[in-house]
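Asks: Okay, here's what each chain looks like letter by letter:
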Amino acid sequence: MAQTWDAIIIGGGHNGLVTAAYLARAGRRVLVLERRYRVGGAAVSEEIYPGFKFSVFSYVVSLLRPEIIRDLDLPRHGLEILPLESTVTPMDNGDYLAVWGDPDKTRREIYRHSPRDAEAMVEFGRLMHHMAQAVKPILGMIPPDPTSLSPRDLLGLLKLGRHFRSLGPEHVHALYKLMTMSSADYLDEWYETDVLKATKSASGIIGTFLGPRSPGTAYVLLHHYMGEIDGSFRAWGFAKGGTGAISESIAGAARRFGVEIRTDAPVTRVLLKRGRAMGVVLENGEELRARTVVSSLDPHRTFLELVGEPELPEDFVSDIRRYKFRGSSGKVNLALDELPNFTCMPGVGPHLRGAISVSPSVDYLERAYDDAKYGEFSRHPYMDVIIPSMIDPHMAPPGKHVMSIFVQYAPYNITGGWTDAKREAFGDTVVDTLARYAPNLKQAILHRQVITPADIERITGLTEGNIFQGELALHQLFFLRPAPRWAKYRTPIRRLYQCGSGTHPGGGIMGASGRLAALRILGDGR
Amino acid sequence: MLRETPFHPRTAALMEGQAWRRWAGYVVASAYELSHEREYHAIRSSAALFDVSPLYKYLVRGRDAARLLDRIVTRDVLASKVSQVLYTPWCDARGKVIDDGTVSRLDETTFRMTAADPNIRWLHLNATGLDVTIEDVSERTAALSLQGPNARAILELACGQPLTELKYFRLTTGKIRGAPVTISRTGYTGDLGYEVWIDAAHALAAWDALVEVGTGYGITPAGMLALDLARNEAGLLLIEVDYISAHHAQIDAQTSTPFELSLGWTVALDKERFIGQDALEREHARGPVWRFVGIEVDWDSLERLYADVGLPPKLPTTAWRASVPLYVGGLQVGYATSGCWSPLLKRYIALAHLEARYGEPGTAVEMEVTVEHRRRRAAATVRPLPFFNPERKRA
Numbered sequence: 001m002a003q004t005w006d007a008i009i010i011g012g013g014h015n016g017l018v019t020a021a022y023l024a025r026a027g028r029r030v031l032v033l034e035r036r037y038r039v040g041g042a043a044v045s046e047e048i049y050p051g052f053k054f055s056v057f058s059y060v061v062s063l064l065r066p067e068i069i070r071d072l073d074l075p076r077h078g079l080e081i082l083p084l085e086s087t088v089t090p091m092d093n094g095d096y097l098a099v100w101g102d103p104d105k106t107r108r109e110i111y112r113h114s115p116r117d118a119e120a121m122v123e124f125g126r127l128m129h130h131m132a133q134a135v136k137p138i139l140g141m142i143p144p145d146p147t148s149l150s151p152r153d154l155l156g157l158l159k160l161g162r163h164f165r166s167l168g169p170e171h172v173h174a175l176y177k178l179m180t181m182s183s184a185d186y187l188d189e190w191y192e193t194d195v196l197k198a199t200k201s202a203s204g205i206i207g208t209f210l211g212p213r214s215p216g217t218a219y220v221l222l223h224h225y226m227g228e229i230d231g232s233f234r235a236w237g238f239a240k241g242g243t244g245a246i247s248e249s250i251a252g253a254a255r256r257f258g259v260e261i262r263t264d265a266p267v268t269r270v271l272l273k274r275g276r277a278m279g280v281v282l283e284n285g286e287e288l289r290a291r292t293v294v295s296s297l298d299p300h301r302t303f304l305e306l307v308g309e310p311e312l313p314e315d316f317v318s319d320i321r322r323y324k325f326r327g328s329s330g331k332v333n334l335a336l337d338e339l340p341n342f343t344c345m346p347g348v349g350p351h352l353r354g355a356i357s358v359s360p361s362v363d364y365l366e367r368a369y370d371d372a373k374y375g376e377f378s379r380h381p382y383m384d385v386i387i388p389s390m391i392d393p394h395m396a397p398p399g400k401h402v403m404s405i406f407v408q409y410a411p412y413n414i415t416g417g418w419t420d421a422k423r424e425a426f427g428d429t430v431v432d433t434l435a436r437y438a439p440n441l442k443q444a445i446l447h448r449q450v451i452t453p454a455d456i457e458r459i460t461g462l463t464e465g466n467i468f469q470g471e472l473a474l475h476q477l478f479f480l481r482p483a484p485r486w487a488k489y490r491t492p493i494r495r496l497y498q499c500g501s502g503t504h505p506g507g508g509i510m511g512a513s514g515r516l517a518a519l520r521i522l523g524d525g526r
Numbered sequence: 001m002l003r004e005t006p007f008h009p010r011t012a013a014l015m016e017g018q019a020w021r022r023w024a025g026y027v028v029a030s031a032y033e034l035s036h037e038r039e040y041h042a043i044r045s046s047a048a049l050f051d052v053s054p055l056y057k058y059l060v061r062g063r064d065a066a067r068l069l070d071r072i073v074t075r076d077v078l079a080s081k082v083s084q085v086l087y088t089p090w091c092d093a094r095g096k097v098i099d100d101g102t103v104s105r106l107d108e109t110t111f112r113m114t115a116a117d118p119n120i121r122w123l124h125l126n127a128t129g130l131d132v133t134i135e136d137v138s139e140r141t142a143a144l145s146l147q148g149p150n151a152r153a154i155l156e157l158a159c160g161q162p163l164t165e166l167k168y169f170r171l172t173t174g175k176i177r178g179a180p181v182t183i184s185r186t187g188y189t190g191d192l193g194y195e196v197w198i199d200a201a202h203a204l205a206a207w208d209a210l211v212e213v214g215t216g217y218g219i220t221p222a223g224m225l226a227l228d229l230a231r232n233e234a235g236l237l238l239i240e241v242d243y244i245s246a247h248h249a250q251i252d253a254q255t256s257t258p259f260e261l262s263l264g265w266t267v268a269l270d271k272e273r274f275i276g277q278d279a280l281e282r283e284h285a286r287g288p289v290w291r292f293v294g295i296e297v298d299w300d301s302l303e304r305l306y307a308d309v310g311l312p313p314k315l316p317t318t319a320w321r322a323s324v325p326l327y328v329g330g331l332q333v334g335y336a337t338s339g340c341w342s343p344l345l346k347r348y349i350a351l352a353h354l355e356a357r358y359g360e361p362g363t364a365v366e367m368e369v370t371v372e373h374r375r376r377r378a379a380a381t382v383r384p385l386p387f388f389n390p391e392r393k394r395a
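Sequence order for the protein chains is A and L. In terms of the working numbering, the first sequence is residues 1 to 526. In terms of the working numbering, the second sequence is residues 1 to 395.
Result set (DSS-like, lysine-lysine): computed pairs, CA atoms no more than 27 Å apart in a straight line:
1) A:Lys159 / L:Lys314
2) L:Lys314 / A:Lys136
3) L:Lys314 / A:Lys105
Simulated restraints on C-beta separations:
4) L:Arg374 / A:Asp524: 34 to 42 Å
5) L:Glu355 / A:Thr180: 57 to 65 Å
6) A:Asp524 / L:Pro316: 35 to 43 Å
7) A:Gly27 / L:Gly330: 31 to 39 Å
8) L:Ala200 / A:Glu67: 45 to 53 Å
9) L:Thr215 / A:Asp524: 49 to 57 Å
If we take Cβ atoms under 8 Å as the criterion, some of the chain L residues that face chain A in the derived model are:
10) Leu34
11) Arg38
12) His41
13) Arg44
14) Ser45
15) Gly216
16) Gly218
17) Trp299
18) Pro312
Hints are computed from structural coordinates only; laboratory data are not their basis. For each residue, glycine too, the CB sits at the ideal point set by N, CA and C.
Just chain L, same shape as in the assembly (with noise of 0.2 Å):
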């Protein structure tokens, strides 16, 4: 039996259709309603509230917390601030990347990472001679995720204080319901949005305090359907679909570097020794062979193909996750690994992995779309990430 989460009693009211699927060995909701359409629109328009328990949680503490983590990411552990909170990937000792999540500093000596894997092993193999301790929480810590424009008006309701002063990656401490919770202004979606951490004993009274205050603000719980359409337009990696973890990789082609995922922000070369960092060095110097880009298919390509056979484009209204070549003059030079319909865009988008010199924006490439049966290659364009980006985010 797959495990159910903190909230499950709840989640599994809402249910319409039986529409469950995997996380982590958790059941989750793809969607609570027949369709995800209302789901998604949530996320942009009101307030979407996910299940997000399934997440890895390690609890890193003492003196030499900040090394470990510095040691094993890729961002600078040593120079974050308590409450700050870091996306960041973290390497194998080829650069090649493992795994992505963040770090959230608690206080001086306690640390909070998130994963989408497993890495309690690798924690404790890189621990070796460090002053610290290292617990898997995952289980008894339950995680929410509530984005969209109304998320800060339904959280500062619910745990009774104002969070306008709370930063984009910040967090704070709170309590809703009398039980203490962690809220990081983070999320999956590219919106305005926030995570709250709780204790498991105290999920059930967390879920009905915001559902309680949030349905004067279209508070919707939300399953991934939807939020695998937010994550396309926020142009943000899934691990095991956009890339495949070093550890899990059965060729070296497989793997990928930050650099190589456009995630060369993430990379501070500069700082103390971390796992990776030569050979991201010699890579930063000679630049990546890959990048990790936007797509938009064009509209008026698609139809034509489409209108070839006498049918109206057909739309990928929920996110597809497969392999689809791009082309350049009649060469492959990449392939796509996530897209979707952007019903708030609306544009056909998707998320792609191309040889670095096509990866600028603008460049013009062709995307295999299967038209009744046929394989024919629609014009598309490259286009910077994110696709969405309100100013709301940061703001």
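This is chain A alone, in the form it adopts within the complex (with noise of 0.2 Å):
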């Protein structure tokens, strides 16, 4: 007799993880799944090159809700999110602007760029504070339907309506400004230090494929704004040992609950019967069977290929057809023999322990898109760089660093399609548009790893290599993610579930959709 679990989970990323570690906690008895050799999915730390640590995919952390943090009792696997406190965008004039973790710093620093911007920055932090304590109750929150006349939704609804008043009405405008609008046109409202503006809007752009000057990426803007550390917004981290670490704490917590985790154990199908879940098939032929089974993939992989068409209603398909993945952002990591030595900031200095945006102007954003608008990486990228043997020295050699670059635009649908060549001429591209502002960048380089969005798909299986399993558009969140009337972790499949980041709200390690899924789990009693 096969053994029963009560949920199995596919896929062992930081949200499936998440999920299985509250099932587990409330006395389920659950089995995650993943198809790599470690768990861990785009929040994964490797060793590529001997002695060097990286986190190979995502790099920083914000979002993880604490919440997750305590009740799961992280710390003590492990768990520690580093700060991340300033940073330098290096400029064509060899000058730099910084963003530093001390406010009169920072202020005296932008007011060498603008005296006016100086003060704004002050203003503009504590309405994007105020908006994103607007919009955080409703990431702890299962999306009501407001199509849907049942009592809970309508509850929901009551509750969304109320707390919406309760902003007064100059933050609700500010609010639909931020729906509504480009980030670098909600910035221009704000700020006449072109640079500034330029990176601050890179934020808006991170994983979408969009421009700074798009409508709906001032949203974006915003999500990134949620970030909550400590209590303080916009505080963003680094894990020790990697977002690895992240995966690795989360695991070792679901096993403390009596998670059984399988590795190398990839699922081709869900096991359906008249419509309900039963279990799953590995690759290798072996049926398992579950009471529930959760999927962590995103939209695509799990109703179109784990599923299948034929199982699901026409409508349905159509909608997870249309949600939109478009993956636009690459990575390079670099092991180093020595640190970057930036012509703006000479020497090593607590710069190297934050940030360095390669975000000249809104302009060299924009014409960034145009490229892969048109089917090719930017020649002139975006990059948000970090060096994480800085802040951890473990992740490198003493003496020798890593160095993590994330880079857009490479767009999924790249013209003729992403080769070895392709590859290495994006990596080229990266490394010598860091170089311009770092100049002994090139002879430092021990070893090169790029990442494509073919590759993040190939290695991590999401969908067209898109970070947030689903573009982060207006369209394609709360409860229209991922799909109209199914955005509250169930699926048209019953005892199927959702858990991964495209499900509300998604994106970002935060873990939200993981717990909120296992919260509905274990509210309809399975």
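Each of the two chains sits in its own frame; use the hints to bring them together as a complex.
Replies: Okay, here's the thing in structure tokens:
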């Protein structure tokens, strides 16, 4: 007699692990099936070059819900989030723009560029803080369906309505603007310094196939402001040991609650019987049965590959087909023999412990997008660079360093497709662009790992290499994520749930989707 | 003028915001950087370097050295082994704690005692008739504390000898840049860590050596704000904050016994005669009236109190030192004396005195919080101490 589980979780990424841990904490017998040799999905740390550890894909954290850290006691399992305080943007004229951890230092620095902007920054920060606070309850809420008349939905909508009314007109207007405007336009209302607007608007394009002047990007800007560390919004952190340590700590907590985790166990199919999920079939043919099946994969993989179109309602299938991925970013990870020496800020200093943003102007970013729109990677890409070994010395041998470069744009659908030659050309472009600001970079490189959206898809399974399991576009959020009427972690298949970033609220190493899915499953008495 | 420690030429050069504070008549850093955040994280993720020279240090030597210390402190000094370090309180005749510190057995007849307060008079008072010399070496002995997961690797490089065999609360000797040092596996952070005791004349060389070899391992000079967060997480007491010395208390109610401070494990009741023994035996028999416990403030409750006024919770990112009432069923049953938001654990924690019957971990209590000028009560739970206890501390 085969073993039966209360729940099988497909995919050992951070959301799958969070769901598993919460279910097991409530006494369920849970099995997690991970395709790769290790858990983590896109939050993995790997020693790609001997002695050097890379956060291969996802590389910073701000959105991980503190209640998850507490509920699962993650610090006991090794989680520690270290502060990442500064952002320095090198400029083409040899100057720089810096935002530091200390408000006085930052104000003095911005004042150098524009006394008005130095003041605007404080007000802007206050407004964004309010906005983040306004949106925050939504993140912790199973989205109510506005077209439904069920008491639960009505109650949810009522709560939401009350919440918005409590914000006051000024904030509702600001929120409306954030929901509709482009990040560049929105920032134009506040600032005059181009390099400042460019660096801030960069948050609005991350992971989307949009430019800073595309409407809708202001919301993504806000999404990144919602990151919360110790009650302060807009605080970025770096997980000690890389983002893989986050996954490992959740896996550790899950195991402590009794979860079994199987790696090298790719699922090929959800086992169905009369429209109900009965279990899963592994690639090796093994059938595993469970009372509930939960997929942490993106909607495309879950429904079109593991379930199959014939099993699903037609309108749902077309909704899922229309759901947009459009991966737009790549990653370059470097093992370095010495620290980069930035011309604008020579030597070793606190700037190397924060982010280096290659975003010299709004035009620069928009042009980078132009290349991508027409099927090429950006000739001069936007980059978010950090040196993890400066924050956590364990990431590299003493005195050596690792560098993580998030790059945009690198379209999934590149003209002619991604080839080895194109990947290397992309890597060269990235290194060449950064070397303009830090000329010693090239000679310092011991090893280079270049990751295109096609690689992200191939390695992690994320469709089209989209880092958010589907774009953070307004038509794909809240009660529409991933599809109308199916935004509550349930699916048209009974006993099959979804818990990945492709569900509300999605995006980033947040774990909120995984937690809300678990609460829904437990609420359904499963 | 306050005194400067032997490391001052180095620590002053690091000081970004003139954030100095007093400690036993010396100036020491609150934080070197404008925020203490990175210095705190160094304790838990790499290695933090503290100047702890202001500690009072006494060298007790002679045939009766062990006997003297055994008579004073609550732990069994006569049974201690050479190279062992004892953490211990010491009491007056009523069993009330005077101070707490460490007693290190350097050899059969030589001990070093560290204390938060001056204790030379107390040592002399109790040495009558004993063959012992007591020397105050506070000024001529400099002390560094290196705390964090990388502390061992850095110290091994600096002194050129392996330290894997050096167990928790043991000490060894070595050399840094040619100068003899004592290295004890002790600290005030609840993490893997060491304290280095060195002649003040060689202090700067030792600092330089540690910083030089430690840079690749993330060594970070850190101040008292960072230390205060770590000692809260570690559940370690601070004199005049968490308890009042029996020598300073103005009324009896201000004093505490080791049992009341949950330091019962340090009281060796069946050893030779020691000061306070009779009182402590009686207290042990009837059970203490107070317990010293951990408190965790419930996040949801705190968030609700702040949401009532339209604010997100305000978190104490530096540790507070105040007396904060604790309630059960509307009646005050204790008071917290230290507390902070733990950046590591993402929990609001506090150290507290509770009436013994409420001291069991898991007991629901309420803690007073001031939200927008108004006194409110947040739900809280009694937790076992320490809040954070990594395996590496003892491993």
